[in-house]
Amino acid sequence: GWFASPIFGEGDYPASLRITHGPLMPTFTPEERIWVQKTADFFALSFGPNNIRLGPSLVRYGQTVIPDLRRLLHWIKLEYGNLSVLVAEGGWFTDARVGTEDTVAIYLMKSFINQVLQAIKLDGVQVFGYSAWSLVDGFEWNNGYSIRRGLFHVDFSQLNRTRTPKT
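Numbering (the working numbering), first residue to last: 1 to 167.
If you are wondering where the hints come from, they were derived from the structure by calculation, not from laboratory data.
There could be a bad hint or two in this list.
Cross-link-like lysine-lysine pairs, in silico, BS3-like; alpha carbons within 30 Å at most [what the hints assert, rightly or not]:
no.	residue 1	residue 2
1	77	38
2	166	121
3	110	77
4	77	121
5	121	38
6	110	166
7	121	110
Use the sequences and the hints to build the structure in full.
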């Protein structure tokens, strides 16, 4: 709610943030609250590994947790009202050594899309779009070329950068 609560909520940061970071938080005047409140046409959501932190024991032992996008979308509806939502980035990254057979990332992508459909049909969430992150493998600012997250595998060792659909 750091960014969403002022815009989609009551025009201020969430109480939990104020409790944990009190004096460090800027304050809104009553006029600023009115000015910032309800100023967006839709809620854009980035959903993937950069937004979810797994405990070290889970990562160390190779266990996986499938993030619950449906539950998050439903929470957004309950917290901020029945507004339009765009999943602006959805996907998962894998190790750079993974080739065209990227079963984990493709499985998770299908799972995320299925969760969006469930949120629409069963929970009445107004999701109007879903965009994969990313169409092709590419450079990630924090990880360089050490991870892959595209729907198409890119062979960076070839000058023509051959692109092959992942399965």
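Here is what the structure says about each hint:
1. 77 x 38: Cα-Cα ~14 Å, so holds.
2. 166 x 121: 28 Å, holds
3. 110 x 77: The hint holds at about 22 Å.
4. 77 x 121: 14 Å, holds
5. 121 x 38: Given pair residue 121, residue 38 holds - Cα atoms ~26 Å apart, limit 30 Å.
6. 110 x 166: 13 Å, holds
7. 121 x 110: The given pair, whose Cα atoms are some 16 Å apart, holds under the 30 Å limit.
The structure agrees with every numbered hint stated previously.
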